[in-house]
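S.K.: What follows is each chain in one-letter form.
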Amino acid sequence: MMTGTIQNREAFLEKITNSLGKSRRTNGVTVPEWKHRPQDTVLSEATADKLIEVLKNQCLKIHTSLVMTDLKTLPAALNKVVQDYGGGPVVSWKDERFTDWGLDSLMKEQWPSENIEFHQWDYTKVEENIRQAERANVGITISEITLAESGTVVLFSAKDKGRTVSFLPATYIALIPKSTIVPRITQAAQKMREMHLSGKEVASCINFITGPSNSADIELNLVVGVHGPVKATYIVIEDL
Amino acid sequence: MPMKIGTNDFKKRVENGINDSFMRGAVAGAQERMGTRRQDAADELGNWEEWRNLGEEIRQHVLDNLDYYLEQLSENIAKRGGHVFFAQTAEEANDYIKDIVKKKNAKKIVKAKSMVTEEISLNSTLEQAGCTVVETDLGEYILQVDDHDPPSHIVVPALHKNKEQIRDVFTQKLGYQKTEKPEELAWHAREMLRKEYLTADIGITGCNFAVAETGSFALVTNEGNADLVTSLPKTQITVMGMERLVPTFEELEVLVSLLTRSAVGQKLTSYITVLTGPREELDVDGPEEFHLVIVDNGRSKILGTEFQPILQCIRCAACINVCPVYRHVGGHSYGSIYSGPVGAVLSPLLGGYDEYKELPYASTLCGACTEVCPVKIPLHQLLHKHRQVIVEKEGKAPISEKLAMKAFGLGAASPMLYKFGSKAAPAAMNPFTAGDKISNGPGPLKAWTEIREFPAPNKERFRDWFENREKGGGES
Ligand code: SF4
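Taken in order, these protein sequences are the chains called A and B.
Be aware that the first sequence starts at 154, since it is given in our numbering, and climbs by one per residue.
Be aware that the second sequence starts at 429, since it is given in our numbering, and climbs by one per residue.
This is chain B alone, in the form it adopts within the complex (with noise of 0.2 angstroms):
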């Protein structure tokens, strides 16, 4: 799978977490630093939830229409001199970009961080026809410089890195003589990456939000390298996931401060840019020439299905910094570019369930996620139902819960994690705004929730479950 990271199996992964004391302990610090700015925000608008109903209507009305706004986009963006391609595989979307490398005659790429493009594995597209790619994100930067070190988390993909590691990344690949100081180092970075944009001949970015009645789209940052990435190459490719679009500027507000305040406590990130198809005629600086790549993958598989809300996820990252079993074991644990909820929830739905069946096990189901999702996802009733649909598939479970948590190296410490859990998400915060009843399936899954007496995953009703099931709770 293309999204997948690293070649070692669940276990294997989890192990490797487990003993690297740094990262669980800059794992813990960025939970407990992130976390603690995202609900400091929260509180400071005073009506939280209402921001997030607003998510939620309209992340639903925007998936409910998704081909009318995306045909509205393309319309808009052909309007203004762009060009704009639907690509149903990550082949197609990775062939087309080719085409276009190869019809500039490309030989330098500078990107700023996507995640949709790590998900088709652009770039080893674009080395493999003769290219060099820079990923201009700082984090990224030094994820590249370190071999291709994969990601572990979506907002600060660095964050199992300290800074003596840093430093001795920038020593043996970038000639760097100072010290592990982080000013240093990021002086260093910019210093070669300025470079880099200069001589660029295509810049590459993912895409937060695109505006369909305008054909404009989003960028949000705190470092502004998509500014550059997106005002010196004189072509400019953007790749979006086909879900990640608003119908008006008023509703970018809305995501755009929603993602902000809940990834990282900011009311506004440092730098937010609103391109709309290619520089005008007489500007100076900007792409000559732009195309959008809007791209499927798996996703319309998604829709009109039980798992459809995971299509409204913004990225934001507040369920991964709340989720106690990552926190325990590190983004690369979940062996894919998205870890955390997000990632056990759409891992298995868009690499399938061969590759990432063990995923919707690693939750303590204590449902943190779900009550900061900024647009509302019900995150741990997904995770539910991803076990529902593995035992009918399956016949069983590849791994019971208890072996999962086990695996997780969280047996003893589940009722500590589950207390983390509830304390990051305040009681005061319903999530649960439909009842939404689990019924009893026939033939194998009967089985199933025979064990598992779940009317539904309640947040109440966990904790004596997880009591009961702590004491002669069985495997199944």
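One chain only, chain A, in its complex shape (with noise of 0.2 angstroms):
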């Protein structure tokens, strides 16, 4: 990766320092124990079964349905729920967990034979992933952190996992592990930070996923889909 650059920094920080009335410091900050710590005893008691659970409850608020299923009948639900959002086309991420969870026939067989036109997002295709997007009616991704508490997926981004499969098709379902399953965000801000620390890069883009797209501008209506998708179901996989 190229290095950016970097304009105007020393007399700008030179200004702050002089305000703040000391001396600069190149190094030697560190991060304090803070205090108070509330965000550690969120759900912290919690089991897997009682985080999914929240995890329903919270679905319920945030216009979002929640399917479970496990391994066995994943793609009879998958197929569902994509039929129920009146099929194709249909968009996703390229990714071996599809094949892993037996999902390759459902959607390179069984849903073009059906006339459910389906694009697996291929980063040597280019700007075609952008267009297929654009037209699709159902997008899928795969959580990579689940957020009980608040009802959040989070998705990172990558070559074959495209930022826009989340956002531009008019429906979305994201496909949940349980195991991906913890309390709240502070244990994806934790995993995060390991990740940078042990020298992982952070993706480019990471999303945390709420329900669908929506805003309560006009007379606070809540209103969904102005700019992402109108409706969206989480499909919880049990034996994950």
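Rather than coming from a laboratory, the hints here were simulated on the basis of the structure.
No residue lacks a Cβ here, since even glycine has one placed at the ideal position from N, Cα and C.
There's no promise every hint is true.
[Unchecked claim] Distance ranges between label pairs, derived from CB positions:
hint, chain 1, residue 1, chain 2, residue 2, range
1, A, ASN171, B, ASN444, 39 to 47 angstroms
2, A, ASP237, B, LEU602, 28 to 36 angstroms
3, A, LYS214, B, GLU460, 49 to 57 angstroms
4, B, ASP596, A, GLU249, 52 to 60 angstroms
5, B, ARG461, A, THR158, 44 to 52 angstroms
6, B, LYS507, A, TYR276, 36 to 44 angstroms
7, B, THR607, A, LYS278, 38 to 46 angstroms
8, B, GLY558, A, THR226, 54 to 62 angstroms
[What the hints assert, rightly or not] Distance condition first, Cα-Cα at most 20 angstroms in a straight line; then the derived DMTMM-like pairs of lysine to aspartate or glutamate:
hint, chain 1, residue 1, chain 2, residue 2
9, B, LYS530, B, GLU520
10, A, LYS175, B, GLU734
11, A, LYS188, B, GLU478
12, A, LYS278, B, GLU734
From these two lone chains plus the hints, build me the complex, please.
M.R.: Listed below in structure tokens is the structure:
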């Protein structure tokens, strides 16, 4: 990766240092041990099943459907949601987990045979991906970390994981392995930080998505789908 | 002043506000709904005070070490291939951005709502450079389509407009043919905006928080417009006020949690996007080129002074949603893009007393704002400090509180307003962590403190003070 540029920094920072009335420090500042840590106690005792309960209840508040399934019934469950949303075109990330979870025949055989167009993100096809996402009815991605308290899925962008798959299509489906469910955003932040400290670069785009796009800008009335998806479904896969 | 909205003077603005009955109803309704949702969200956690303490702790630590964290942030952004520009003034920021526009030969720019770009008047700079600038946040879009009507609320900028007015604007300006139903209006905006995203050359956003340790920055929205602004155009420019950063992801999550709960009573908003540098080599979407513009524009003058705590602000609008004066007069009366209590403290600091010296008097000092602020900014104490400074500087107050109240049409209504304030802010929360004596100042200040006998703005004593001064209080 090319290194970027930094302009006008020294004079700018000097002014700040002067205002603060101390000498400039270029190292040695550490994040203190915060006196209060209320974030650690939220749902800290909850079991995996309890977290699913919390997630379910939260989904009611964020206008998002939640479907429980296991690996065996996953293809049928996913197919049903897609059909309920009115079928294709469907666009998804390219991720080997789809294969591992036995979704290949649904996505690559069944749907095309039923005239449900399917496009898998493929970085070699460049702009074609965005065109497909823009005209798609359904977008499908996988949640890397799932936040029970707020009902949020967390997505990391990568070469075959386009940012707009969750956003441009009219409706959105997130596949959620049960093992990704944590109490709240606290644990996601810790995990992201650990990844960074262990030398793994953070994804250039991390999306925290909590239900469909909405706005209350017109007389405070809630309207969904102002820019992004109008509807969203989470499919929780039990035995993962 | 660039952050200034409208050309009317203070009295005129207030008069307009008070005479706009729809606006007043909308503001009152919004205060109640948003205030209640915020309160419920705080109650649900059960230990809201601890959260606020943590929020305050984090913000104070960052401000005290701002030079260090800004350096770390810029290093990390450059490492990931982003370009960082430090702008001491609005002009420097605008010139830099104009330069990018020229180099890219850009014609169309899509923006996600950003207060700091309003503050530096970026849109008019870009328009002068020959660009079309499209605000994509629905509320901002409505205002823009309506010949740049100014915003009236930080979180709900088009709060002062009813749906019929919006329909009429859409009909006149966008060829809209449907009804005033919010869903239909929003859908029309969606269709218009979709086309804009796909054809824009540059995307511009604000920045809710930047993360020094990784060189990331976070955008918090419900609509998700920031996602499209940052993933479709080839060039992205993010503009941030220099104080809006946190050390690591761990503090980011705390402040985002405080922001979303305080702003709209949500655990998290629908979209929170954390971006680091331009897109990676094989990514298809996301910007090829990324610029971060860090803006001072008067902020460093606040650092190290008694007003420093206002830089802790995370722009949640909770203070606005409980303010009895805002309720009465609406956002436009403040004459600045920053309205309500936060605006009454911040606007005179950034825009100068000449322009904004009435604002610190536009407060009942009831303390409701201080009690809801998620990062514990002592707002009403800062308002009081402003008044002292103004008296000190000018020899006398430009306008007495009583006159200000009158100008705000609040004369007789004040006790009721005070009650509203104290209802909105349960007495159980004690915002005053440190005794803050306001000493008897010499010279002009003396005359002031004699009349105002304030040891410090103190909520318990406010009532008595208010009743006494209503009986015989003089004007200064
Ligand atoms: S001053 Fe406090 S309550 Fe007001 S907008 Fe800023 S953070 Fe929110």
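S.K.: Determine whether the Cβ-Cβ distance between ASP237 (chain A) and LEU602 (chain B) falls within the hinted range of 28 to 36 angstroms.
M.R.: holds (33 angstroms)
S.K.: Okay, LYS214 (chain A) versus GLU460 (chain B) on CB: inside 49 to 57 angstroms?
M.R.: violated (20 angstroms)
S.K.: Given the hinted pair LYS188 (chain A) and GLU478 (chain B), is their Cα-Cα distance within 20 angstroms?
M.R.: This hinted pair holds, its Cα atoms lying about 9 angstroms apart.
S.K.: Quick check: does the Cβ-Cβ distance between LYS507 (chain B) and TYR276 (chain A) fall within 36 to 44 angstroms?
M.R.: This hint is violated: roughly 23 angstroms between Cβ atoms.
S.K.: Is it true that the C-beta distance of ASP596 (chain B) to GLU249 (chain A) lies inside 52 to 60 angstroms, as the hint says?
M.R.: holds (54 angstroms)
S.K.: With the threshold set at 20 angstroms, check whether the alpha-carbon distance from LYS530 (chain B) to GLU520 (chain B) stays at or below it.
M.R.: Holds - the C-alpha atoms of GLU520 (chain B) and LYS530 (chain B) are around 15 angstroms apart, at most 20 angstroms.
S.K.: Could you tell me whether the CB distance from ASN171 (chain A) to ASN444 (chain B) stays inside 39 to 47 angstroms?
M.R.: For ASN444 (chain B) against ASN171 (chain A), whose Cβ atoms are near 42 angstroms apart, the range 39 to 47 angstroms holds.
S.K.: For the pair supplied as a hint, LYS175 (chain A) and GLU734 (chain B), confirm whether the alpha-carbon distance does not exceed 20 angstroms.
M.R.: This hinted pair holds, its Cα atoms lying about 16 angstroms apart.
S.K.: Hinted pair, alpha-carbon criterion (20 angstroms max): LYS278 (chain A), GLU734 (chain B). Please report holds or violated.
M.R.: Not OK: LYS278 (chain A) and GLU734 (chain B) at ~57 angstroms, beyond 20 angstroms, violated.
S.K.: Regarding ARG461 (chain B) and THR158 (chain A), is the given constraint of 44 to 52 angstroms on their beta-carbon distance met?
M.R.: holds (46 angstroms)
S.K.: Note whether the CB distance of GLY558 (chain B) and THR226 (chain A) lies within 54 to 62 angstroms or breaks it.
M.R.: holds (57 angstroms)
S.K.: Indicate whether the distance between the beta carbons of THR607 (chain B) and LYS278 (chain A) respects the range 38 to 46 angstroms.
M.R.: holds (41 angstroms)
Hint compliance for this structure: hints 3, 6 and 12 are not met, and every other hint is.
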